[in-house]
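J.: For the record, the sequence lines run as chains F and P. Each residue of the first sequence is one higher than the one before, counting from 1 in UniProt numbering. Each residue of the second sequence is one higher than the one before, counting from 1 in UniProt numbering.
Hints are not guaranteed to be accurate.
[Stated by the list, open to error] Straight line, CA to CA, 30 Å or less: simulated BS3-like cross-link-like pairs of lysine-lysine:
hint: 1; chain 1: F; residue 1: Lys347; chain 2: F; residue 2: Lys368
hint: 2; chain 1: P; residue 1: Lys488; chain 2: F; residue 2: Lys163
hint: 3; chain 1: P; residue 1: Lys16; chain 2: F; residue 2: Lys44
hint: 4; chain 1: P; residue 1: Lys19; chain 2: F; residue 2: Lys347
hint: 5; chain 1: F; residue 1: Lys347; chain 2: F; residue 2: Lys191
hint: 6; chain 1: P; residue 1: Lys211; chain 2: P; residue 2: Lys191
hint: 7; chain 1: P; residue 1: Lys191; chain 2: F; residue 2: Lys44
hint: 8; chain 1: F; residue 1: Lys348; chain 2: F; residue 2: Lys397
Keep in mind the hints are simulated off the structure, nothing from the lab. Here the structure is a predicted model, which means the values were calculated and not measured.
Number of protein chains: 2
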Amino acid sequence: MAAKEGKSNKLSFQLKTPKGTRDWMGTDMILREQIFSAITEVFKRHGGTQLDTPVFELKEILAGKYGEDSRLIYDLADQGGEDCALRYDLTVPFARWLAMNTTVQHIKRFHIAKVYRRDQPAVAKGRMREFYQCDFDIAGTYDAMIPDAEVLRIVVEVFEALKMRDYITIKLNHRKILDGLFAACGVPEDKIRSISSAVDKLDKLPWDQVKLEMEEKGLESEVADKVGEYVKLSGGREILETIKADELLSANEHIQKGIADMELLFNYLEAYEVLDKVSFDLSLARGLDYYTGLIYEVVTPLSTPEGFAQSQDKKKSKSNKSDDPNVGVGSIAAGGRYDDLVNMFAKKRQIPCVGISFGVDRIFTIMKQRNEREAEEGNSTVRPSEVDVFVMAFGGKGFNGLLAERMSVANQLWNAGIKTEFAPSVKPRLPQQFKLAEAGKVPLAVILGEDELAAGKVKLKELGLPEGHPEKEGYLVSRDDLVEEIKKKLNKTALPLR
Amino acid sequence: MAAKEGKSNKLSFQLKTPKGTRDWMGTDMILREQIFSAITEVFKRHGGTQLDTPVFELKEILAGKYGEDSRLIYDLADQGGEDCALRYDLTVPFARWLAMNTTVQHIKRFHIAKVYRRDQPAVAKGRMREFYQCDFDIAGTYDAMIPDAEVLRIVVEVFEALKMRDYITIKLNHRKILDGLFAACGVPEDKIRSISSAVDKLDKLPWDQVKLEMEEKGLESEVADKVGEYVKLSGGREILETIKADELLSANEHIQKGIADMELLFNYLEAYEVLDKVSFDLSLARGLDYYTGLIYEVVTPLSTPEGFAQSQDKKKSKSNKSDDPNVGVGSIAAGGRYDDLVNMFAKKRQIPCVGISFGVDRIFTIMKQRNEREAEEGNSTVRPSEVDVFVMAFGGKGFNGLLAERMSVANQLWNAGIKTEFAPSVKPRLPQQFKLAEAGKVPLAVILGEDELAAGKVKLKELGLPEGHPEKEGYLVSRDDLVEEIKKKLNKTALPLR
Numbered sequence: 001m002a003a004k005e006g007k008s009n010k011l012s013f014q015l016k017t018p019k020g021t022r023d024w025m026g027t028d029m030i031l032r033e034q035i036f037s038a039i040t041e042v043f044k045r046h047g048g049t050q051l052d053t054p055v056f057e058l059k060e061i062l063a064g065k066y067g068e069d070s071r072l073i074y075d076l077a078d079q080g081g082e083d084c085a086l087r088y089d090l091t092v093p094f095a096r097w098l099a100m101n102t103t104v105q106h107i108k109r110f111h112i113a114k115v116y117r118r119d120q121p122a123v124a125k126g127r128m129r130e131f132y133q134c135d136f137d138i139a140g141t142y143d144a145m146i147p148d149a150e151v152l153r154i155v156v157e158v159f160e161a162l163k164m165r166d167y168i169t170i171k172l173n174h175r176k177i178l179d180g181l182f183a184a185c186g187v188p189e190d191k192i193r194s195i196s197s198a199v200d201k202l203d204k205l206p207w208d209q210v211k212l213e214m215e216e217k218g219l220e221s222e223v224a225d226k227v228g229e230y231v232k233l234s235g236g237r238e239i240l241e242t243i244k245a246d247e248l249l250s251a252n253e254h255i256q257k258g259i260a261d262m263e264l265l266f267n268y269l270e271a272y273e274v275l276d277k278v279s280f281d282l283s284l285a286r287g288l289d290y291y292t293g294l295i296y297e298v299v300t301p302l303s304t305p306e307g308f309a310q311s312q313d314k315k316k317s318k319s320n321k322s323d324d325p326n327v328g329v330g331s332i333a334a335g336g337r338y339d340d341l342v343n344m345f346a347k348k349r350q351i352p353c354v355g356i357s358f359g360v361d362r363i364f365t366i367m368k369q370r371n372e373r374e375a376e377e378g379n380s381t382v383r384p385s386e387v388d389v390f391v392m393a394f395g396g397k398g399f400n401g402l403l404a405e406r407m408s409v410a411n412q413l414w415n416a417g418i419k420t421e422f423a424p425s426v427k428p429r430l431p432q433q434f435k436l437a438e439a440g441k442v443p444l445a446v447i448l449g450e451d452e453l454a455a456g457k458v459k460l461k462e463l464g465l466p467e468g469h470p471e472k473e474g475y476l477v478s479r480d481d482l483v484e485e486i487k488k489k490l491n492k493t494a495l496p497l498r
Numbered sequence: 001m002a003a004k005e006g007k008s009n010k011l012s013f014q015l016k017t018p019k020g021t022r023d024w025m026g027t028d029m030i031l032r033e034q035i036f037s038a039i040t041e042v043f044k045r046h047g048g049t050q051l052d053t054p055v056f057e058l059k060e061i062l063a064g065k066y067g068e069d070s071r072l073i074y075d076l077a078d079q080g081g082e083d084c085a086l087r088y089d090l091t092v093p094f095a096r097w098l099a100m101n102t103t104v105q106h107i108k109r110f111h112i113a114k115v116y117r118r119d120q121p122a123v124a125k126g127r128m129r130e131f132y133q134c135d136f137d138i139a140g141t142y143d144a145m146i147p148d149a150e151v152l153r154i155v156v157e158v159f160e161a162l163k164m165r166d167y168i169t170i171k172l173n174h175r176k177i178l179d180g181l182f183a184a185c186g187v188p189e190d191k192i193r194s195i196s197s198a199v200d201k202l203d204k205l206p207w208d209q210v211k212l213e214m215e216e217k218g219l220e221s222e223v224a225d226k227v228g229e230y231v232k233l234s235g236g237r238e239i240l241e242t243i244k245a246d247e248l249l250s251a252n253e254h255i256q257k258g259i260a261d262m263e264l265l266f267n268y269l270e271a272y273e274v275l276d277k278v279s280f281d282l283s284l285a286r287g288l289d290y291y292t293g294l295i296y297e298v299v300t301p302l303s304t305p306e307g308f309a310q311s312q313d314k315k316k317s318k319s320n321k322s323d324d325p326n327v328g329v330g331s332i333a334a335g336g337r338y339d340d341l342v343n344m345f346a347k348k349r350q351i352p353c354v355g356i357s358f359g360v361d362r363i364f365t366i367m368k369q370r371n372e373r374e375a376e377e378g379n380s381t382v383r384p385s386e387v388d389v390f391v392m393a394f395g396g397k398g399f400n401g402l403l404a405e406r407m408s409v410a411n412q413l414w415n416a417g418i419k420t421e422f423a424p425s426v427k428p429r430l431p432q433q434f435k436l437a438e439a440g441k442v443p444l445a446v447i448l449g450e451d452e453l454a455a456g457k458v459k460l461k462e463l464g465l466p467e468g469h470p471e472k473e474g475y476l477v478s479r480d481d482l483v484e485e486i487k488k489k490l491n492k493t494a495l496p497l498r
């Protein structure tokens, strides 16, 4: 092999990760893991079980599911055998799995994994070609709106766990109400999807421009204005009353069904104590065609152009990192009900689904900004590793480094499950050992000296104590009591675990 | 989009995952997660920090690293832009990362992720085209053999955590000793790598066949026999004495360096209390060329053809699942020291590394067999989900299902972080609710009745208690005390958490 070749040849290519991908390491990785573990805990609290599917699927599985975005799919090269492509999302693989596993009648599944889109990357906003999705979906025939309400409850719990509850709003709408509204206003049926996608832009564009797009798509000005009046509606439960009181809308059958769903939903959201977080927004349309009922999108101030621009201005330099100043990070979670997708794979199988996908890279971007602000204010708690104890040795003239003794003490602590390191040198100097411990923000040191060891004792010292603290210099502990003493200290001082 | 198309068209392709890949779900997934979390805990205990790299790399990064196995690499299709390929292992991406991040002088990194090889799959043995590796590597210049010993300590801790410590052996060898041995026996330098790979087969083939291969590769019969004498040596520390006492070997400079390393290693392994798990085995060679020092491989009885065949015979049916009866599952972890790999990417960067890769799919296969045996013996503890409480309702004539009340109690428990579910129906029958709880092996039920609720109470019932148990029928608890009572019960009864 090429170990020798490598030495003689110069590299003829750039040393980097592919476009739109990145390595995760250090505090970024720790923050990402914290997000995953908070989300996973919530998913499990609701009976979620984990599914893992291959990173690539047969090409035919993905074909015809993503509309014009299909051009963004990564194909594998033809090396003989099957045609495969990297997954574009986690929903289609889940539907494929449901179609294959015909004995599954109901399931709450979650899936946290990378997906792939050959899109234009925008790193500052957390938009990458390889990025993570965290999906939770409930499949199966249940009584109306019970799973839908639980998914929304889960959304609130997740952002509560991420300490973002106060900063999010869940925009809600219902496909049946939206489509009924278009029909009632006189939008021809074959134009409903395209007009719907124009309406979906109302969070980014002013009404004039949206109306222009509608007219370009062949809608009469009057009809557009009528639509415009209705889709401005947003608020809480009272919107249902407004719709019911409107003769035009309340006569539409689709809308009647949608209203029945929404009334149940509001009851359930009340029992779940999350009514304060939702906004019934008739302009919410969502891009994907496969939604059949409730749809939702989670936004924060950073989701909008203004909020994002502000947050970027606050960063002293690097403000040009934002590639497109007209768009915020976008929604940070989104989903809805899709009752017909599994049926596309298995003719005889009809299994209704409702779910949510968290955009963790966007959530990561927001939380990282918050952490950086807190770090500037001196409140940072992120440690580069989780090591709790650093075992050191010191001695005078003729000091042999006590390597075997450091190993033996580390061994004792590892046996007790305590995260421990020591300097990997035969004879390290004491300042060097303190430096290593400090670099890792390790909270505790166990210091070995020959005399103390001979008496069966070691010194336990909490690092980073202020001058004058009574335990600043540490204290002697018998080796037999060391594990217990360390565990007590790790509990008592409530040291940040990461 | 194609929701309507899907209904009218028949699927023209097979509904499946690509060859050599699989979905993970249910108890398989739970077992795999248990393995990951046990391994992760050990890695973190030793100060490991996690690295995540993209699933694909620039093709040039992988080129020239895997010898003839390069043909197994999955390429991405050329869709404009860079040439990329799926990663083949986690070691080369780590070396690429080290080469790029020049400020990193020392690191303990771990990485748990999927890798891809277009190999012939053998599902029964856990050999797939998409499979997981769990890698731990220590990079940086340290005093000799200190990190090497810690890696071996980690190996033992991992298998201890997986309750497999008693069933593993770590075979050790040293490239310098092996190469020195070949040279001392008269193997020409240009034949050392190919003879080495013949010797590596001694765990699968009898000596006669290995000797034949050597002769076919151009080695004289006498030289082969001499090699054969030495590589039969295996045992503990005493092998070092045997080598030192051998005039031919002890004169070789490479061997002298290797012996110095091994003596240090045995000292350190003693301090780490893992000497009993290692076997110094002069026939161990390892395939990859980039190793420069210590090499090792972890085997169990199932690693050998005999052990594997036996375990397959014990399974009543399905014995044909094994594709190649001549090979066991192979080693379940392997690694070694590779001091020159990073240098292949960055001429000026020389950063020595030593590491281990756990073959989790093989470990999974072994543990799953064990779990199935235990399940037959009635000791199974794997639960299909982690839900701890099922909230139910019952009532007589005119019973309205108490849905809002069930939601409200579930809400109370979710707020307290307790994993809770309830039947997603407006009016579920009581037997149906018990059936759902039983299907999920949920340990506790909270049962709501109208009268009890009016008095502020609910019934708490431990499921699966034997007839005649004093708490078989459950007991009433005030709603205010419910959370505390459940937490006490979940702790006290030491219910299996999964």
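J.: Kindly indicate which numbered hints from before are broken by the structure, ordering the numbers from low to high.
T.: The structure breaks hints 1, 7, 8; every other hint is satisfied.
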